[in-house]
Amino acid sequence: MSQVILYDLPSKQGTAWSLNPWKTRMILNYKSIPYTTQWVEYPDLAHTLSSLGISPNPSHRNPVPYSSPAIKYHNSTLEMDSWVIAHTLEQLYPTPSLNIKEPINAQVRDLVTALSSPLRPFVIPKVPTILNPRSASYFLETREVRFGKPLSRVLAEDATRKCWEEAGKAATELGRLLRKDASGPFFLGAKVSYADFIFVAFLKFLGRVDGEVLERVVGLDEGFVRVYEACKEWSRRDS
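Per our numbering, the sequence shown starts with residue 14, numbered consecutively.
Careful, some of the hints might be misleading.
Cβ pair distances, simulated, as ranges [to be verified]: (1) 202 / 56: 38 to 48 Å; (2) 133 / 232: 42 to 52 Å; (3) 114 / 150: 39 to 49 Å.
Bear in mind the hints are in silico, worked out from the structure with no lab data behind them.
Heads up, the beta-carbon is just placed ideally off N, CA and C, and yes, glycines get one too.
Model the full assembly from the supplied sequences, consistent with the hints where possible.
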């Protein structure tokens, strides 16, 4: 059987940075699954993944046909999409458990989206600064189309106090969920779940792109620092 391969987007330092691949990487680290990383630059993503025989994302779920992460399992099958991959990894490697069937996982997934979406004008324009030149150019061009204006204008015009007010609503709910079980730092108290990795992956992404935004986010609730620290051992490997 072949070793697991994680297809990830590199920073210019050759390390992980992107939100969704971090989710998968943390699972692999948590379950002590041997794996290698194959770095793929943004402009090469569609060709690389399609040439492996991976089917494109369903358009109703993701408007981008090919995205990161993708994974090649030990049995040589391939898959894309962090949510799908998480469920497959739990099936293939059931211990230690991710408690993947708990409702908290979908709740946190949706709340992290609600937290991150209003903060995009602060963060997305800064992503090209951490990428290699080809990926930076690709990112600038494609996101200008997506936002309808250059990213420099997104930062100047759309990064406002209102963004933080909107993000605060989701942060309040995430903090409430973290305090629901007082037995530990995780969303399920003393038990680790995929929900923890979804949230911490977002914090890792912020830390790589904009440390000031990360500090402001973790300052929104005292529980955020605790779960971040509790997951450090599974986010240490970044390549």
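Margin query: The hint says 38 to 48 Å between residue 202 and residue 56; measuring C-beta to C-beta, is that right?
Written below: holds (44 Å)
Check: Taking the beta carbons of residue 114 and residue 150, is their distance inside 39 to 49 Å?
Finding: holds (42 Å)
Margin query: Please check whether residue 133 and residue 232 have a Cβ separation lying inside 42 to 52 Å.
Written below: violated (19 Å)
Of the numbered hints given earlier, the model fails hint 2 alone.
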